[in-house]
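On the provided structure of chain A, position chain C as indicated by the hints.
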Amino acid sequence: MTIKTEALTKTFGKITAVNELNLEVEEGEIFGLLGPNGAGKTTLISMLCTILKPSSGKAWVNGFDIVKEPGKVRKSIGIVFQQASVDDLLTGRENLALHNLLFDVPKAIRKQRIDEVLSIVNLEKRADDFVNTYSGGMRRRLELARGIMHHPKILFLDEPTLGLDPQTREHIWDYIKELAQKECMTVLLTTHYMEEAEKLCDRVAIIDYGKIVALDSPGALTSRIAGDVVTIKQRISDIESIKKLNYVMKAEDKDGLLYISIKDAGKHLQDLLSNTGPIDFVEVRRGTLNDVFLHYTGREIREAEAEGGFWERMMKR
Amino acid sequence: MSEIEGIYAVWLREAKIYIREKERLVSAVISPLLWIFGFGGGLGSSVQSMSGYPYQTFIYPGIMVMTVLFTSLFYGVYIIWDRKLDFLKEVLVAPISRASVFAGKMLGGATDAMVQVVYLIIIGFFISIPFTPLVIIEAFLMLLLISIAMVSIGLVIGANLKSPEGFSLIINFVMWPMFFFSGALFPVSNLGPWLSAVTFINPLTYGVDAMRGIILNINHFPIMLDVAALTLFAAIMIGIGVASFKRM
Numbered sequence: 028m029t030i031k032t033e034a035l036t037k038t039f040g041k042i043t044a045v046n047e048l049n050l051e052v053e054e055g056e057i058f059g060l061l062g063p064n065g066a067g068k069t070t071l072i073s074m075l076c077t078i079l080k081p082s083s084g085k086a087w088v089n090g091f092d093i094v095k096e097p098g099k100v101r102k103s104i105g106i107v108f109q110q111a112s113v114d115d116l117l118t119g120r121e122n123l124a125l126h127n128l129l130f131d132v133p134k135a136i137r138k139q140r141i142d143e144v145l146s147i148v149n150l151e152k153r154a155d156d157f158v159n160t161y162s163g164g165m166r167r168r169l170e171l172a173r174g175i176m177h178h179p180k181i182l183f184l185d186e187p188t189l190g191l192d193p194q195t196r197e198h199i200w201d202y203i204k205e206l207a208q209k210e211c212m213t214v215l216l217t218t219h220y221m222e223e224a225e226k227l228c229d230r231v232a233i234i235d236y237g238k239i240v241a242l243d244s245p246g247a248l249t250s251r252i253a254g255d256v257v258t259i260k261q262r263i264s265d266i267e268s269i270k271k272l273n274y275v276m277k278a279e280d281k282d283g284l285l286y287i288s289i290k291d292a293g294k295h296l297q298d299l300l301s302n303t304g305p306i307d308f309v310e311v312r313r314g315t316l317n318d319v320f321l322h323y324t325g326r327e328i329r330e331a332e333a334e335g336g337f338w339e340r341m342m343k344r
Numbered sequence: 002m003s004e005i006e007g008i009y010a011v012w013l014r015e016a017k018i019y020i021r022e023k024e025r026l027v028s029a030v031i032s033p034l035l036w037i038f039g040f041g042g043g044l045g046s047s048v049q050s051m052s053g054y055p056y057q058t059f060i061y062p063g064i065m066v067m068t069v070l071f072t073s074l075f076y077g078v079y080i081i082w083d084r085k086l087d088f089l090k091e092v093l094v095a096p097i098s099r100a101s102v103f104a105g106k107m108l109g110g111a112t113d114a115m116v117q118v119v120y121l122i123i124i125g126f127f128i129s130i131p132f133t134p135l136v137i138i139e140a141f142l143m144l145l146l147i148s149i150a151m152v153s154i155g156l157v158i159g160a161n162l163k164s165p166e167g168f169s170l171i172i173n174f175v176m177w178p179m180f181f182f183s184g185a186l187f188p189v190s191n192l193g194p195w196l197s198a199v200t201f202i203n204p205l206t207y208g209v210d211a212m213r214g215i216i217l218n219i220n221h222f223p224i225m226l227d228v229a230a231l232t233l234f235a236a237i238m239i240g241i242g243v244a245s246f247k248r249m
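These protein sequence lines map, in sequence, to chains A and C.
Residues are numbered in our numbering as their position in the first sequence, beginning at 1, plus a constant of 27.
Residues are numbered in our numbering as their position in the second sequence, beginning at 1, plus a constant of 1.
Isolated chain C, as found in the complex:
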C-alpha cells in the first residue's frame, strides 16, 4: 500500500510541475506542428505520394513517434536538475523502494509525452488522418509503450550523470541515430544491407512500424513482433533504470 502511494506521490509531483511550467506546455504544442506542417508539408510539396499516401500523411505516424521520443528522452534531464537542487533527496530518503521512485518518475515522463500525443491526435483530424475510435485507442497504447521505453533510457542516462550539459551531449548521440534509422521519414523496405542492419537493431524501428501499421495499414514486420520487440526492450531498460536508481 505504501509503495503504491509512494509511486503516486512521485508521479503527482511530476504532473503538477508539468502543468505549472507553461514553457513546457507551449513547446509541447509547437514542435510537432513545425514537423508536420514545416517538414511534412514543405517536403511533401516536392515528393510524390509514398505507399499511396501523401507524404504529410505518410510521415504522420513517424512524427508521433518522434515527438514521444524527444520528450521522453529529454525528460531524463530533470532528474539531474532535481539532484543538483536537492529536490530529489526528500524522495530518496523516504521509506519507499527505489523501484517505486523509478516507477513514479517513469510514469511522470510518460504523462508528459502522452499529453503531446493528445495534441497530435487533434492535429491529425485537421490533416485528414484516417482515424477510427479503435485506431486512436491502439495508437495511444502503442505510443505509451514507446514512451515508457524511451523515458527509461532518459532516466538511466540522467541517473548516471551529474551535469545537464553532459546529458544533452549524450542524449543527442542516442536520439538522432535512433530517429534517423527508425524509418520515421522514409520506408525501411528498400534500404541497402548496411542501413537495414542498423534499422533492425534500432528498437524505435518497431515502434514506427507498428504506428504506421495501426494508422495507415502499412506494415513491414508483423505487429506482434513490433509489440514483442518493444516490450522486451522496455523491460530491459526498466531493469537497468531501477538498478541505476538503487545506486543513486
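One chain only, chain A, in its complex shape:
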C-alpha cells in the first residue's frame, strides 16, 4: 500500500474539511480524487504532503507516518500544485537546478537528471529561456518535470490541467500516463474534469463534505450508477409508471424533458418506449462519470474551498 489513511480528519475551526477519511491507494495506480469545491480534496492532499498537520487520525505515505516522519515522506514524493509555482525570473533549467539542491539529488547525477526530465516533457529547446516567456502549458510541463526529477515513488497532482486548452490537456495526460508506466510511479490527482478522470485514472474516489461517497474504476462506477441515459419528451407526462419499470434506475423531470437512467439501452430501449406513450423527442447516450458525480454530490453550487483560520481570513484581502 503506497498511501493509507485511517480516520484522517482535519478541522478549521467549526468547518470539518476532511472527516474521518479512510483511503488505500495501490502501488503503480493512477488514482483520482473528485469532488465539488470545498469537498476537502486539496486539504487531503496537503496533509498527505505534510504541508498541513491532521487534526486527528493517521496516514502513511510510502510506509512513512506523515506526522512522525515528514522529512522521509517529502523525499519520496513529488508534487505539482494547483497554481504555478515555478519562478518567472529564472530559466527553466535554473528552476530545475534549485529543485535538485532542495531535494538533495546527488551532485554527480544532477545535470543528467535535468536533461532527462527536460526531454520527457519536450522542453529542451526552451530550457534556457526565462519562465515568464513560457505559455501556460509549458509551465505545467516544467512543473511536471520538476515534480519527477528526484524520482519520487508517488506523484501528487492538484488539478494538473486547470485552465489549459484541450490540446495541451491531452498532451499532459499522455505525459502523466507515460511517466506512471515508465517510472512505475503511483499518481494521486485531484480534478474537476470528469473527462480527465475517465481517461486517466485506474480508480477514482468521489469526495463530498470530507468523506468518500463512492470509490471504484470510472467504468464500473459509470455502468453501475449512470447506466445509459434516455432523454424523452412525453406528450402526456407520466413519470410514475416509468419509475415502476424494473430496469429503470432513476427518472428525473427537468424543463419538460424526462431523463431516464436505465441499465442497458440495447436491451431495454424498445420496451421503455412502448411504455412512454406518444413522444415528441428521444435521445440516447451512454452514461458518463459526470452523471455519477452529480448523482452523488447533487446539483447545488458550493461555497469556495474552506481554508485557514480566523486570522488568515481576516488578513486575506
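Any given hint might turn out to be false.
[Claimed, not checked] So, partial list: chain C residues that the calculated Cβ filter (under 10 Å) puts toward chain A:
1. S3
2. Y9
3. L13
4. D87
5. K90
6. E91
7. V92
8. L93
9. P96
10. S98
11. L135
12. E139
To be clear, the hints were calculated from the coordinates, so they are not data collected in a lab.
Being a predicted model, the structure only gives us computed values, none of them experimental.
Note that beta-carbon positions come from the ideal geometry of N, C-alpha and C, so glycine has one too.
Chain C only, in chain A's frame:
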C-alpha cells in the same frame, strides 16, 4: 549537508531575482543619494556643524543605517508575494527544515541590503568621509548585523500576514518610530527623559551609535554594549522568525 545546500538554494534564488529586477537595483542607488544630498546637504546648509563635523558627514552613518533598515524591513513583503503566487510552496514542501528556509531568506535579504551598503561606501568617498580599510571592514560587519536583525523583523511580519497592503501598514508603524528615535538625524546625548527612554529601548539606537563610533569616533555607549544589544536582539528575532516559518 543537504540543509546547507537548501540554505544555499533559497539564497541563490533570492540573489538571482534581485539582480534581474532592475527596478530594485535602481531604487537601491537613488534613495540614499536623495537622503545624503537632498536632506543632509539641504539641512546642512542651515545647520552649523555637529560634534565637530559638517551635518552631512554627521548624518552619514545614520543614513547608512537607515538605508539598511528600510531595505531589510521591506524585504519581508516578498515572502507575502511568494506565498500569494505560490512560489514559496516548492520550498515549503522540500525536505529541508524551516530554520534553513528562514536562514536562506534572511541571507537573501541581507544581501540586498549589503549591495546598497557598497554603493553608500562609494558615495562616502566623494563626500570625504574619513574612511580607512579597517573602518570599512568594521562598518560593513556592523551593518550586516543590523541588516540580519531588521530582515528578521520583516520576515516575522511577512510570515504572519497574507496581504501586501497589511504589510506596508504595519511596517510603517515599525519603521518610522525606529528610525526617528534612533539618533540617526540628531545626537541622543541631550534629549529629555521621555525621549531618551524611547531611544534606549530602540535596538536601532545601538546600531546608529556603533556606526557613528566606527566612522566618526563619536560614541554615546561603549561599542561592546552596542554589539551585544544588537546581537541579542537579532537572536530573539531569528528565534521568533524560525517559529513563524514553522507555522507557515
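For each hint, the structure was consulted:
1. S3: Interface hint status for S3/C: holds (4 Å vs cutoff 10 Å).
2. Y9: Given a least distance of 6 Å, the restraint on Y9/C holds.
3. L13: 7 Å, holds
4. D87: Holds: closest Cβ of chain A sits about 4 Å from D87/C, inside 10 Å.
5. K90: 5 Å, holds
6. E91: This interface hint holds because 5 Å falls under the 10 Å limit.
7. V92: 7 Å, holds
8. L93: Holds - the Cβ of L93/C comes within 10 Å of chain A, reaching about 6 Å at its closest.
9. P96: 4 Å, holds
10. S98: 8 Å, holds
11. L135: 36 Å, violated
12. E139: It is violated, given that the least Cβ distance between E139/C and chain A is near 34 Å, above 10 Å.
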